[in-house]
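According to my numbering, the stretch in the sequence shown is residues -13 to 146, in order.
Rather than coming from a laboratory, the hints here were simulated on the basis of the structure.
Treat the hints with caution; some may be incorrect.
What the hints assert, rightly or not - In silico SDA-like cross-links for lysine to any residue, where the CA-CA straight-line distance does not exceed 25 Å:
id: 1; residue 1: K120; residue 2: R28
id: 2; residue 1: K74; residue 2: F27
id: 3; residue 1: K111; residue 2: P142
id: 4; residue 1: K79; residue 2: M(-13)
id: 5; residue 1: K74; residue 2: T41
id: 6; residue 1: K111; residue 2: P135
id: 7; residue 1: K101; residue 2: N132
id: 8; residue 1: K0; residue 2: A104
id: 9; residue 1: K0; residue 2: A121
id: 10; residue 1: K101; residue 2: K120
id: 11; residue 1: K0; residue 2: A141
id: 12; residue 1: K35; residue 2: E17
id: 13; residue 1: K96; residue 2: W128
id: 14; residue 1: K0; residue 2: L26
id: 15; residue 1: K138; residue 2: D57
id: 16; residue 1: K97; residue 2: P135
id: 17; residue 1: K120; residue 2: A141
As the list claims (entries may be wrong) - Pairwise CB distance ranges (calculated):
id: 18; residue 1: G16; residue 2: R65; range: 39 to 49 Å
id: 19; residue 1: L58; residue 2: E29; range: 15 to 25 Å
id: 20; residue 1: C54; residue 2: G94; range: 41 to 51 Å
id: 21; residue 1: L(-2); residue 2: G94; range: 12 to 22 Å
id: 22; residue 1: P142; residue 2: D98; range: 39 to 49 Å
id: 23; residue 1: E91; residue 2: N140; range: 36 to 46 Å
id: 24; residue 1: P92; residue 2: P142; range: 34 to 44 Å
id: 25; residue 1: F125; residue 2: D31; range: 39 to 49 Å
id: 26; residue 1: N140; residue 2: V90; range: 16 to 26 Å
id: 27; residue 1: E17; residue 2: I136; range: 18 to 28 Å
id: 28; residue 1: G93; residue 2: P142; range: 18 to 28 Å
id: 29; residue 1: G16; residue 2: P135; range: 37 to 47 Å
Just so you know, even glycine gets a beta-carbon here, dropped at the ideal spot from N, CA and C.
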Amino acid sequence: MTEDEWIENRILRKATQRSMFEDRDVWRDGEKVPKQYCVLFREMDDAQKQLLENTIGEMFYPVLALWCNDDLWTVLGTRDIWSYYGGKLYQAKLDEIDGDISLVEPGGVKKDYLKFEASFLRLNKASIEVWASKAPEYFSFWSVLNMFPIRKTNAPFTNE
-13 MTEDEWIENR ILRKATQRSM FEDRDVWRDG EKVPKQYCVL FREMDDAQKQ
37 LLENTIGEMF YPVLALWCND DLWTVLGTRD IWSYYGGKLY QAKLDEIDGD
87 ISLVEPGGVK KDYLKFEASF LRLNKASIEV WASKAPEYFS FWSVLNMFPI
137 RKTNAPFTNE
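Sequences are here, hints too, so could you generate the full structure?
Structure follows, in structure tokens:
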């Protein structure tokens, strides 16, 4: 097992624990909307993968994506995170996260509704914001990102 495979397994285990891949209905503003923002990178259609590869360039071991549309997405790899919104690409090394993440408050939203309406996370030490969908994916993704940097002591991988 390589280091990237080991990190991928850790990401997928945490994402699965947080039900990020479950296809379930979510209620927003009194309406039922399908929950399907989080997808495995390897299961994305070829056009989406090509768009991501053209936008990001060389990706190093992408694992999962939060996908809204061609202009709003985030990809989590084993070493980096990339987020595209507002016509710009933002990137950070996962080891820069260091558990220092905060909620980005959307303007004009009452405090009681922040947990339902927030859709961006601020990676404070990396000095970027990433799109993270809305609840429930938002807090699940936050939990996944809080793993970084991953301690690799006694990790069962070889650097091949």
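Right, here's what the structure says about each hint:
The suggested pairing of K120 with R28 holds, with an alpha-carbon distance near 23 Å, which does not exceed 25 Å. With a CA separation close to 20 Å, the supplied pair K74 and F27 stays within the 25 Å bound. A distance of roughly 29 Å separates the Cα atoms of K111 and P142; the hinted pair therefore is violated under the 25 Å criterion. A distance of roughly 22 Å separates the Cα atoms of K79 and M(-13); the hinted pair therefore holds under the 25 Å criterion.
Straight-line distance between C-alpha atoms of K74 and T41 comes to about 9 Å, which keeps the hinted pair within the 25 Å bound. A threshold of 25 Å between alpha carbons decides the hint, and for K111 with P135 the separation of about 12 Å falls inside it, so the pair holds. For the hint linking K101 to N132, the alpha-carbon distance of about 17 Å falls within 25 Å, and the restraint holds. Taken as a hint, the K0 and A104 pair is honoured in the structure, with Cα atoms around 21 Å apart against an allowance of 25 Å.
With a C-alpha separation of about 17 Å, the suggested pairing of K0 with A121 holds against the 25 Å cut-off. Proximity of K101 to K120 is assessed by CA-CA distance (about 8 Å); at most 25 Å being required, the pair is judged to hold. Straight-line distance between C-alpha atoms of K0 and A141 comes to about 17 Å, which keeps the hinted pair within the 25 Å bound. For the suggested pair K35 and E17, the alpha carbons sit about 30 Å apart, so the restraint of at most 25 Å is broken.
Annotation: proposed proximity of K96 to W128 holds, straight-line Cα distance about 21 Å (limit 25 Å). For a cut-off of 25 Å, the pair hint linking K0 to L26 stands: about 13 Å separates their Cα positions. For the given pair, K138 sits about 35 Å from D57 by alpha-carbon distance, which is inconsistent with the 25 Å threshold. At most 25 Å may separate the alpha-carbon atoms for a hinted pair to count; K97 and P135 exceed this at roughly 30 Å.
Between K120 and A141 the CA atoms are separated by roughly 33 Å; this puts the pair beyond 25 Å, and the hint is violated. At about 41 Å, the beta-carbon gap between G16 and R65 stays in the expected band of 39 to 49 Å. Evaluation of the 15 to 25 Å hint for L58 and E29 yields a pass: the beta carbon distance comes to about 19 Å. In this structure the supplied range 41 to 51 Å is violated for C54 paired with G94, their Cβ-Cβ distance being about 20 Å.
Separated by about 36 Å at the C-beta atoms, L(-2) and G94 break the suggested range of 12 to 22 Å. Roughly 45 Å separates the CB atoms of P142 and D98, a value that falls within the hinted 39 to 49 Å. The supplied range of 36 to 46 Å is met by E91 and N140, whose beta-carbon atoms lie about 40 Å from each other. Checked against the given bound of 34 to 44 Å, the beta carbons of P92 and P142, roughly 42 Å apart, stay inside it.
Between F125 and D31 the beta carbon distance is about 27 Å. The supplied range of 39 to 49 Å is therefore violated. Between N140 and V90 the Cβ separation comes to about 36 Å, which falls outside the hinted range of 16 to 26 Å. At roughly 38 Å, the beta-carbon separation of E17 and I136 lies outside the given 18 to 28 Å, and the hint is violated. The supplied range of 18 to 28 Å is broken by G93 and P142, whose beta-carbon atoms lie about 46 Å from each other.
In this structure the hint that G16 and P135 lie 37 to 47 Å apart at CB holds, the actual value being about 41 Å.
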